[in-house]
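S.K.: Chains as they are written, first to last, in this note's numbering: chain H, 12 to 304; chain D, 779 to 1215; chain E, 415 to 700.
Since the hints were made in silico from the structure, they are not lab data. Treat the hints with caution; some may be incorrect.
As the list claims (entries may be wrong) - For each label pair, taking beta carbons as the anchor points, the in silico distance ranges come out as:
1) E:Gly559 x D:Tyr1214: 21 to 31 angstroms
2) E:Leu496 x D:Glu1194: 48 to 58 angstroms
3) H:Arg77 x E:Met534: 31 to 41 angstroms
4) E:Val681 x H:Ala214: 35 to 45 angstroms
5) D:Glu828 x E:Val681: 21 to 31 angstroms
6) E:Thr587 x H:Ser56: 50 to 60 angstroms
7) E:Pro469 x D:Asp1159: 49 to 59 angstroms
8) H:His78 x E:Arg493: 38 to 48 angstroms
What the hints assert, rightly or not - SDA-like mimics (lysine to any residue), calculated; alpha carbons at most 20 angstroms apart, straight line:
9) D:Lys1060 x E:Ser467
10) D:Lys1215 x D:Gly881
11) D:Lys1060 x E:Leu592
12) D:Lys1090 x D:Arg832
13) E:Lys488 x D:Lys1060
Built from N, CA and C at the ideal position, the CB exists for glycine as well.
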Amino acid sequence: MEGRYPDRVLPYVLVAPSVIIVLLFLLIPSGEALWQSLSRINPFSGQATFLGIRNFVVLLASEEYRHSAGVSVVFTAATVVLSLSTALAMALLANQRLHGIGIYRVALIWPYALSPAVAGTIWALLFEPSTGVVTYLLRETVGVAPNWMMSGRLALLVVVVAAAWKLLGYNVVFFLAGLQAVPEELTEAAAVDGAPPWRRFWAVTFPLLSPVTFFLLITNSLYAFFEVFGLIDVLTQGGPARATDVLVYKLYRDGFVSINWGLASAQSVLLFVLVAALTIFQFRYAGRRVFYS
Amino acid sequence: MRWRCAAVMLVAVLALALVGPVRAQGPVKITLWHAMGGARYEAITKGIAEGFNRAYPNYTLEPLFTGSYAETLTKGIAAIRAGNPPHIVQVYEVGTQTMIDSGAIIPVTDMVKPGEINFAEYIDPILKYYTVRGKLYSMPFNSSTAILYYNKDVFRRAGLDPERPPQTFDELEQMGRQIIRSGAARGAVTFGWPAWIFEQMFAYHNKAYANNENGRAGRATKVLFDQPFGVYLASRWAAWAKEGLLIYGGREYAPNRAFLAGEVAMLMQSTSQVSTIQQGAKFAVGTAFLPRIPGQPRGKSVIGGASLWVLKGRGRSQAELDAIVAFFKYLNQAAQTAQWHKDTGYFPATQSAVKLLEAEGWFTKNPNFLTAFRQIQVGPDTGATRGVLLGNFVQIRDITDTMLERIFSGRMTPAEAVRVSAEEANKVLEEYNQTYK
Amino acid sequence: MPLRRAALPAVPVRRALGVVLLHLALIAAALVVVFPVYYAATVSTHTFQEVFSYPPRLAPGDALWANYVAAWRKVGMGRLLLNSTGISLAVSLGKIVLSVLAAFAFTYFRDFRAKGLFFMLILITHMLPLPVRIVPTYQLMERLGWINTYAALTVPFFASATGTLLFRQFFLTIPPSLSEAARIDGAGPLRFLGQILLPLSWNNLAALFMVEFVYMWNQYLWPLIVTTSNDMRVVQIGIKMLVATDAQAEWNVIMAGVMMAMLPPLVVLLILQRSFVRSISLGQEK
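Build out the structure end to end from the sequences listed, making use of the hints.
M.R.: Listed below in structure tokens is the structure:
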């Protein structure tokens, strides 16, 4: 093969560090998580008792876990839909040929640098029950003064808005890149054919965006399931009344506050099933193009 | 020649024998992990630790602030696992059962020789809380109970007598309505540590919170807050919330905000907050006993706060154990206990400390500090009033806090919420009892 | 005679109207994104009373210095920033080194039958995010004695699937003639990597650095459970420490802390965002 080196040992050496890290810190602990999910562990002595699938049975039968799963699904769906649709709209705007468009583009990207905890804190300020900007606007226009610390549904809304907003930066970048890869000839041809802009978008642009959309769907979902932990911990700690108790938060509570390692690992295993499904789905769809390019 | 060599050698050996052990002995060090932050940090580090180190130059007490109560407990457990625990760790009252079952502690009764510390001196409810089946497991340190704080200015503005706070639930409702109608405050009452107040109400009316005599005759296997009393209490509070009398302010100390801001006229909160609240309030603060439910039995309010646990460690020398006992003796002195009370608001735990404070006129000048103390003196001594011991109590508190949030936000009816929460709590207890067979 | 409808405006006016509307829409979009942060910055300059003024004040106040000093002192911000910077740099560089080496190995060696290994590596890293193995990884830290050390905060993050994937894809776009020429010239693989490939990879290096720096800076859960003392904590936990107070939330001080916490990754983003965007766009063109 042209341009390839014949060294036999060197490639292994080069790959070794990555493999070692993955083995030690990813693979082996995951195996241990499986084993621990089948046990009960004494937090003082570390002793494990084999339980079989009892942890899983308890978990799936518990109202708390099912509620948590429900919260996660609702939260993820709402965040993804809100964020992707808003980001797409913004990317469409930013895709125009306009003087100074560069500045707008940078302005739209920057939430990417913010952490979920930061985003959450900022939105908590905006929704502050007595003097927040959003509360003020709502009170003056609609006459309602919501207190998200008291209302579970509102707390969930605040958390969704904060998460969706923070994801805008990431989503806009990818949508923009995707839009710019759409060949102009296609949209122009459609315009010549008499299709109105709306039609042009749905018939031509959107289908061509589908790889990006799909990619973002998966990554946003994974983000909403896992990375929002900081947001929840700073703002609501899963409350009020467990209204924002997403799966990863319940895992943290069971594993690191109640120190119930067996139960927490069982939750880890169930989360793995979720991630595996999403990842396999993602790779099946986009895998060909990625690996064999 | 040989005589001189022998003499020199003898002197050398003797010298080493004398110098060696002396040099190896520095002051014996003992470590204390605690959760006393804020103003209490100074009280424990400067007040207590430095005082002890001066009084006992052979011993050094090294206090380390390890975060909140929950963090301190987690770190303590992790240290036990790792095999290098501190000598003493401060654990809050909900950790009591867990510590007893840990297999990692030395009960105080086993450490202190009879007569070394006069435990009879201790205020009875405090001692009784940490005594299970005749053994005192931990050393009482910072104990509190819940009392009713109220805003005298708001009472006055509402046309109520500021020296006559409500004594019953009915009076609280009537006064609360009057306050709201007059516009003196937005709400009547709020709770600090809501789950704890819930537990308090059980003890206050001599109702057991869990079976097996509140977990004191044997490990609790079922909670009893889904019995009629619990449902009644929850329903009464739900009605308050619905009417707008009760404003839910969050957990732990967060509700202090609403009270200090004058939004709410009354606050049920720990007596350890007396200093903080008095200092932070721009109004006259009054304190009173918790209100009762007329027609229900009389009980007693329950001890909260934390205590000091001695942890087993590898290779603990007798000197270290002696140092720990010396530290407990030091804490027991009237002067220390009285000072700790003045600095923090926690109970003066011994009778002699109380006498000292009375002689100083402390309570006359600071009547709000006396309320809690008087409250725990009145009432019967039963399993219900000694305080409930539950395994995984931290989780169960979270369950009952959630239960109250569900009720106050109207998401569940009181009966439903209580039922569901009791089921969850019972599962937690079952899991606990399986883990610590 | 029937009234004639007014003729449509002349084309230049219509275009100008379109441009204005577009600008307005873009400003609205930018506002959605920027206003919350602007407001947060403003509040970070207010006094405690000003925070609770109603209607909310949108103009900056005078308490900037006081608030930032208060936030700094309250949580030991200096040390937190140092820790966050340290671990973000360490992990970004570590990840880059490891992924470049691995990607290079997968692309440029004739007899390296490792397609399977490559897939496994990527797949595993993608399918095993932290929550899936968090308890045992934490226990591993305990066993290694790494609790509350920089090692625990950095080493487990060193392997990167995205990085390896990114660089392999990029390397595949490099014409083989380049490496062939280098090989004929007698340059060993590592020299080829260092002197020819790396300079060409600038965009990707910058993009990966930016992504990993921001990712590490914003880590919350792992530092929360693995650090136990204030001198090892990171800025994200500092935010939690600022927000979680018993008393009235001092939003002005909290926002000062938030501003300090978000500035470094923002700066990194602004400097390197073009590379990031470019690297995605080039990926899109596949």
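S.K.: Work down the list of hints and note, for each, if the structure agrees.
M.R.: Hint-by-hint comparison with the structure:
Distance hint check: the CB atoms of Gly559 (chain E) and Tyr1214 (chain D) are about 28 angstroms apart, consistent with the given range 21 to 31 angstroms. Distance hint check: the CB atoms of Leu496 (chain E) and Glu1194 (chain D) are about 51 angstroms apart, consistent with the given range 48 to 58 angstroms. The hint said 31 to 41 angstroms for the Cβ distance between Arg77 (chain H) and Met534 (chain E), and at roughly 34 angstroms that hint holds. Checking the proposed 35 to 45 angstroms range against Val681 (chain E) and Ala214 (chain H) shows it holds: the Cβ atoms sit about 42 angstroms from each other.
Glu828 (chain D) and Val681 (chain E) have their C-beta atoms about 45 angstroms apart, which leaves the hinted 21 to 31 angstroms range violated. Under the hint 50 to 60 angstroms, the C-beta atoms of Thr587 (chain E) and Ser56 (chain H), about 56 angstroms apart, fit the expected range. Restraint check, Pro469 (chain E) to Asp1159 (chain D): a C-beta distance of roughly 57 angstroms satisfies the suggested window 49 to 59 angstroms. The beta-carbon spacing between His78 (chain H) and Arg493 (chain E), approximately 39 angstroms, falls within the hinted interval of 38 to 48 angstroms.
For a cut-off of 20 angstroms, the pair hint linking Lys1060 (chain D) to Ser467 (chain E) stands: about 19 angstroms separates their Cα positions. Taking the CA atoms of Lys1215 (chain D) and Gly881 (chain D), the gap is about 12 angstroms. The hint holds against a cut of 20 angstroms. Of the supplied pair hints, the one linking Lys1060 (chain D) and Leu592 (chain E) is violated, its CA atoms being roughly 78 angstroms apart against a limit of 20 angstroms. A hinted pair counts as satisfied when its Cα atoms are at most 20 angstroms apart, and Lys1090 (chain D) with Arg832 (chain D) does not qualify at roughly 26 angstroms.
Of the supplied pair hints, the one linking Lys488 (chain E) and Lys1060 (chain D) is violated, its CA atoms being roughly 24 angstroms apart against a limit of 20 angstroms.
The structure does not agree with the numbered hints 5, 11, 12, 13 stated previously, though it agrees with the rest.
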